[in-house]
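Residue numbers (our numbering), protein chains in the order written: chain A, 1 to 477; chain B, 1 to 477; chain C, 1 to 477; chain D, 1 to 477.
Hints are supplied without guarantee of correctness; some may be wrong.
To be verified - Keeping only pairs whose Cα atoms sit at most 27 Å apart, straight-line, the calculated DSSO-like set for lysine-lysine is:
id, chain 1, residue 1, chain 2, residue 2
1, C, Lys432, D, Lys432
2, C, Lys432, C, Lys216
3, A, Lys216, B, Lys216
4, A, Lys216, A, Lys432
5, C, Lys216, D, Lys216
6, B, Lys432, B, Lys216
7, D, Lys432, D, Lys216
Unchecked claim - Derived contacts from chain B toward chain D, CB cut-off under 10 Å, selection only:
id, residue
8, Gln33
9, His34
10, Leu35
11, Ser49
12, Lys52
13, Thr100
14, Leu103
15, Ile127
16, Ala130
17, Thr134
18, Leu330
Keep in mind the hints are simulated off the structure, nothing from the lab. Built from N, CA and C at the ideal position, the CB exists for glycine as well.
Number of protein chains: 4
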Amino acid sequence: MALTAGRLAHVENREAWRPRFADCRARSEALAQHLLPEDQVVQSMPDVSPTKWHLAHVTWFWETFLLLPRLAGYRVFDPAYNHLFNSYYEAVGPRHPRPTRGLLSRPGVAEIARYRAHVTAAMERLIATADAATFRAIAPLIELGLAHEEQHQELILMDIKHVFAQNPLAPAYRTAPLRPARAAPALEWRDFAGGLVEIGHDGAGFAFDNEGPRHKVWLERFRLATRLVTNGEYLAFIADGGYRRLEFWLSDGWAAVQAQGWEAPLYWRRAPEKADGNERWSEFTLAGLVPLDPFAPVVHVSHYEADAFARWAGRRLPTEAEWETAAADLPVAGNFLDGGILHPSAPIADRLTPTLTLSDRDAPHPYPPPRGGRVREGVTADASDRANRDLSASLVPLLQIYGDCWEWTQSAYAPYPGFRAVEGAIGEYNGKFMSGQMVLKGGCAVTPAGHLRASYRNFFPPAARWCFGGIRLAEDG
Amino acid sequence: MALTAGRLAHVENREAWRPRFADCRARSEALAQHLLPEDQVVQSMPDVSPTKWHLAHVTWFWETFLLLPRLAGYRVFDPAYNHLFNSYYEAVGPRHPRPTRGLLSRPGVAEIARYRAHVTAAMERLIATADAATFRAIAPLIELGLAHEEQHQELILMDIKHVFAQNPLAPAYRTAPLRPARAAPALEWRDFAGGLVEIGHDGAGFAFDNEGPRHKVWLERFRLATRLVTNGEYLAFIADGGYRRLEFWLSDGWAAVQAQGWEAPLYWRRAPEKADGNERWSEFTLAGLVPLDPFAPVVHVSHYEADAFARWAGRRLPTEAEWETAAADLPVAGNFLDGGILHPSAPIADRLTPTLTLSDRDAPHPYPPPRGGRVREGVTADASDRANRDLSASLVPLLQIYGDCWEWTQSAYAPYPGFRAVEGAIGEYNGKFMSGQMVLKGGCAVTPAGHLRASYRNFFPPAARWCFGGIRLAEDG
Amino acid sequence: MALTAGRLAHVENREAWRPRFADCRARSEALAQHLLPEDQVVQSMPDVSPTKWHLAHVTWFWETFLLLPRLAGYRVFDPAYNHLFNSYYEAVGPRHPRPTRGLLSRPGVAEIARYRAHVTAAMERLIATADAATFRAIAPLIELGLAHEEQHQELILMDIKHVFAQNPLAPAYRTAPLRPARAAPALEWRDFAGGLVEIGHDGAGFAFDNEGPRHKVWLERFRLATRLVTNGEYLAFIADGGYRRLEFWLSDGWAAVQAQGWEAPLYWRRAPEKADGNERWSEFTLAGLVPLDPFAPVVHVSHYEADAFARWAGRRLPTEAEWETAAADLPVAGNFLDGGILHPSAPIADRLTPTLTLSDRDAPHPYPPPRGGRVREGVTADASDRANRDLSASLVPLLQIYGDCWEWTQSAYAPYPGFRAVEGAIGEYNGKFMSGQMVLKGGCAVTPAGHLRASYRNFFPPAARWCFGGIRLAEDG
Amino acid sequence: MALTAGRLAHVENREAWRPRFADCRARSEALAQHLLPEDQVVQSMPDVSPTKWHLAHVTWFWETFLLLPRLAGYRVFDPAYNHLFNSYYEAVGPRHPRPTRGLLSRPGVAEIARYRAHVTAAMERLIATADAATFRAIAPLIELGLAHEEQHQELILMDIKHVFAQNPLAPAYRTAPLRPARAAPALEWRDFAGGLVEIGHDGAGFAFDNEGPRHKVWLERFRLATRLVTNGEYLAFIADGGYRRLEFWLSDGWAAVQAQGWEAPLYWRRAPEKADGNERWSEFTLAGLVPLDPFAPVVHVSHYEADAFARWAGRRLPTEAEWETAAADLPVAGNFLDGGILHPSAPIADRLTPTLTLSDRDAPHPYPPPRGGRVREGVTADASDRANRDLSASLVPLLQIYGDCWEWTQSAYAPYPGFRAVEGAIGEYNGKFMSGQMVLKGGCAVTPAGHLRASYRNFFPPAARWCFGGIRLAEDG
């Protein structure tokens, strides 16, 4: 997630900002409070940053964009930090600093805590003492700074999970166990009529600039699965040779499978075979290594895996516009960071999915052919059925749209028509990631509640697996 | 360009097929007739294939999909060729054969000529002797085979150009000199009203399957430049620090610039400095090394470079749908392979672009700000002017839409709504390249005439430079 | 330095072992006492190990080879540590654990301190309580374990220096400043008569097995420089284009210069140019970044650089046998770890080297041609002079033979005639590094005093620079 | 093999030179006469050069070092060839031309034949017309040029074998079949007394400069195997887990086994399993793919494999000095290029080795323990037997010392004491390969007869397998 600056709402009631600011800063620190200093240094791959780097970088943002230009007499904590904690720094030449963040043991954790306290206190002074004109000017930047720090709260958890996963001791981030598995809802399909719709942020409230402008898109009829794909369903894909059968994969995806030896989602571990096939696997979570829950959503798959799974299931991934249209009227609620679970889980539902017995090779394919189209098995639906279908009869509820897993779409991350990056340093790089990445929607179990919107566009390269990516299926209507 | 099978027209008049088939086969052989056997072995990078491999691979297609299943008593020329010349072969394991095509000296050029003659004769027998039912069944495959061989005719020239470019002796593929430079037309802008349009192939005549289904797209108002960007204009970008200024580049593009040391288009060579800046550069062409023509279209730039140039010019690249809408009513004519020039050139025009004197640093920026929007320099156009503009007054002609250069769009190569790959081996990989690549439109100076359509979708990864990619600018309307 | 087991002396007086063991364990811990936990996790390159890994690995040695087989009732501290801290572990397959030691934040520093205390106490119990026969059997293993832990004491300092050097803040390991620079002794040459000599360990006292068997070697007459090459002399090599002139370099060395962009020794930093050339450089040391001392020995050069320097100076590096012959009668004393300087420095001497003024390009070449041979400049000495030379007149003292810098030899690390590796796990890998590495002699400023012998053979690949490698010149006699 | 210039014999009888020169030039051309032009372009890995490059490069040598400086009025054939065919050219910067030799299709084979004829004629003119003083000056250079062209004759065959081996069609270089297998001689051991010996070239006749100076070396008693290791014996090593058992391998060798997936010598191909274990393998030779001959010497193993095999057999490789001492009095005769076999083969002998039945797992280990030392199995010989052994009784003949396979030694390639490179361009790089390579002795089945001497030092990196490296075992005496 790159930092992007949006069309910011003016919020002039400074009393409202004080607790929001204080809560946000405190939440960042709370996320690290059970970690050792040793944990906070490690960078387990170039895309991961150490915990202490995140804690310092978000602090550098406040210092650089708010305190230095706006708080008279502000004393910079340490001038060297501008180089160390500026993620915008672009090395011209052969050495890129990003992959080397894990080589820096200093400043240590205690020193960074002092840096945070210094900047937090100064920000509280600025909020309390800025005159009205200044406050109007900085309020949008405070909102942006909070959204930025929230993004890094999610990254702290994504990244420390990857760090701990490298360790044969499988350390747990949270000490409480995960809640017991419960059956997943039955898989159903919700119809949408399509037509000329509008997507993108409408300007009410905060948004990053990549969410706009709001614009028209033509959609054909489509259907979305009412819940996320489960681990049990994904196991059926694996058991059916999913990772060995070229025909399901995009060309670049197949190359990634071969080059990286993928055989399962990122954090799955194959245990010695048992009689009951469901228990062959365990999954590394922020609560440590646990038996794989067949009803929980599959998570930590790449776009390539999500796409291959969908092809195996005779479906496809939704487009960004389909997803946003479906989500437009739903409340932004779900399994987010604040719930404390820190892992996707099956929602409560009336109709449940039957227990999968994967060692039973005669079990029915979990995905029967779609009503309206050709599927892998060659079944063709009755066209008249399709024409006469009553969309209103299909209003089964959509579950897990927000929270649990970021949902991979089939849409490449690209500028919306009329998109303009914000001027200046904050917006300098807004559009520069709009190449080679795919859009994900809806947030996940480590996203701070309140951070999401229907128009929110997350993006990662199609091979990325350490973000909490999951799968919702779609099909033509 | 991957082989893709389309909705094929039934053409039952077999007499029409004989000369088309014979001409196509003869053209492939003519393309290699001035090459040495030594030239036809070399693979200068993994994406390039040796000439003799192309000549054999298209022959393998006829043998595998037409002769073996349809011609009674057909004798396979050499069973080993199925492995050597099957581009569909996917190595499971660490060794991919594609980058090693250049290691195979055998079968030699003479042997492959015998293979071609054997297959051509058998195909002529099949066309002459098939009963009516068989002929109806194979006519679409013949059409597909011809389109396939035409694609490889273009690849033969793309690839041998790259091979010769590695050689310090700079060998020429064609011995006739390029035609003298002539001034480029003045750069103008053509307005389009947008709205709910349809794109994609409508089913009349042959098309590859990725061109359909035809479908609705909503477009905002937009403008297209009336001609391609010239070498002279691209030189201004270089002179203005284009390759050294991070702010113009997509993040992945900047990484490519650094990693590969790009400083100019692929085949430009910097000669020792002269007083007249325009003559510092030469360009390697299929006619050998020639002085850079400032009026000819810039070619052999990557998508990253095209995008960075557009950003520098205060514009953007067109979308696939914008381009296709603009091209819909134009005749498919231009500087194609059959004209024999084999290099993009300035079209004949009334109003000419002024001579650029790049050594004159006070020369005006070649791209004045657009009428309707913000540009790099911060100029804002008069909104009322925009609202009242008379589109009909803007019907300046679009030049170079077909031929000269493949035009990079800003659209990622993705399936159209409702896209289905053809069943079976021919369609096995139709969709598998729909990830990580960008769409190009319009054909180029080495594309066989008759091969193109408005709906034709070419695609290459954004870093590819050896395809004949050029730049047409667009802007919001 | 690989662990190697030697022909061990029987030392049956167990009272002598107690303080040696306790002192050795305490010294390891003292080396880490001023480091933060954050410092002790970082692995700055694959060859470097984190401090806490070293502290745990040497402890694992005692547990595995002494306590488990010999101390009745010993309780393993944590069974998982055998995998984490066993440097002998060889992954069969694509993942080598060594480069990933820096990814393991757990067990943390405090936990490893508990591990050390547990093992130290058990070892003290074993030493105190073993019966006489057992003690005779384990005394050689204790001696080996002490030598092993001493090796890792040196590695802790080598490695943390490399870690800190990556940090733009340039943290200092030791807080006291280095001692002021003093003039280096004048460079003189000591003659040796050669003949049939013996080298290798003679069996008295402890040695690693690679130091034997003692064996005969024929040596021609040779000369050794009386002191190490200084930074000032190495600056003259750089100023003379040393890193840009192919003719001085071994082929693989030149490839390393190009591939890694070497322009100076590993820890030199070029400061902005000043009027006085000597002050352009600073050097990162364990006391932080200090101005380069022109009289101190050059250190942290690879074998390739040492060899290139020698060729530039018209000399060569000594062979292993020459060095050992020269050192045979000298006391093992010098600038070692226990002196606390932790950096090479100029020895006290009567005749001093003149101050180099490197900005003066007319200064004399610091290395006049050798008496007895051809040099770069083509000077040939008088042969009669050579024949009649009185060796006894040449008995100028050899300085810095021990301590300061490990001295690169021109000898590849190879087995001595009749060499046999020790049987079993301890000796399993004794000979396996005898390929592709070069021998270094004499110890350095971070080698524990008492660890060295004339027969001691250190070895590193010729491109290694983070070991404290320096240069002593030799020439034919 | 790098070009090295030696102390050249003066040979003033110019009539003797004419046929030597003509024969040498003709032999180079004969080696390529059955190749297609396509074959002569391919470079199958960076270490391999195309046939036509070799033919041009040796020609460039004559033009550059003889014709240009010595033949009045000589006209350079093409000035561009100095860049293309100068192996001494060292790119300063990121692009090394060597791996790109295979990208140059021009000049073609016919053009290079014209280049050769032009230079051959001029050289014949020079030899015929030079005045006496000139001829004395150039005779050593002619001798060097002939030795140089002979080296490249061997390289042409080494390299084209590697090229053909990449091709699934397995083309044969020579059309005649290999001679039928015959039983190998029994393995016996020849004793040598060691002592103070002399090795190196003594100055009589031509030698490369790396062969001198002649110098003293002390050798302990040793034994050499009387013949090379056979394929059958190497199969026993493989069957015993040789490539999977870490304990036999040097550390760098084990890394190469893992990284490159070695399971057998370079050109062995595993056929589908049969009842008789000996027939599971075939071997690619210059006569094409043939069943593996268990009695022929194993060839195309790296130094790492040779060393691992020796350790498995309880022996070691000989040192360079041991080999040269043993070979000193033997005639230089054997299976060389001129015999036309082009592959190692078993020599004729009285006592034959018994047939190995590798599918019989109870077969005796082919290498019983050595008389005088510890072996893998822990057997110790009677020391008194060793002391009293009568060396004269052990004068069994040494077979295959010359020809068949280059014999890997355990000696790193290093300068002899007192070595000086020749001055000037010819000697520029003489010593620069004396790092990271191992010495091989004795020539092989594609070395021109007359090219070898006892003092000849070939050298390759320890991982190289495409040179014809084989194994002779040694043990301590």
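Quick rundown of the hints versus the structure:
| no. | hint | in the structure |
| --- | --- | --- |
| 1 | Lys432/C - Lys432/D | 26 Å, holds |
| 2 | Lys432/C - Lys216/C | 24 Å, holds |
| 3 | Lys216/A - Lys216/B | 12 Å, holds |
| 4 | Lys216/A - Lys432/A | 24 Å, holds |
| 5 | Lys216/C - Lys216/D | 12 Å, holds |
| 6 | Lys432/B - Lys216/B | 24 Å, holds |
| 7 | Lys432/D - Lys216/D | 24 Å, holds |
| 8 | Gln33 | 15 Å, violated |
| 9 | His34 | 13 Å, violated |
| 10 | Leu35 | 8 Å, holds |
| 11 | Ser49 | 14 Å, violated |
| 12 | Lys52 | 8 Å, holds |
| 13 | Thr100 | 7 Å, holds |
| 14 | Leu103 | 4 Å, holds |
| 15 | Ile127 | 31 Å, violated |
| 16 | Ala130 | 33 Å, violated |
| 17 | Thr134 | 34 Å, violated |
| 18 | Leu330 | 40 Å, violated |
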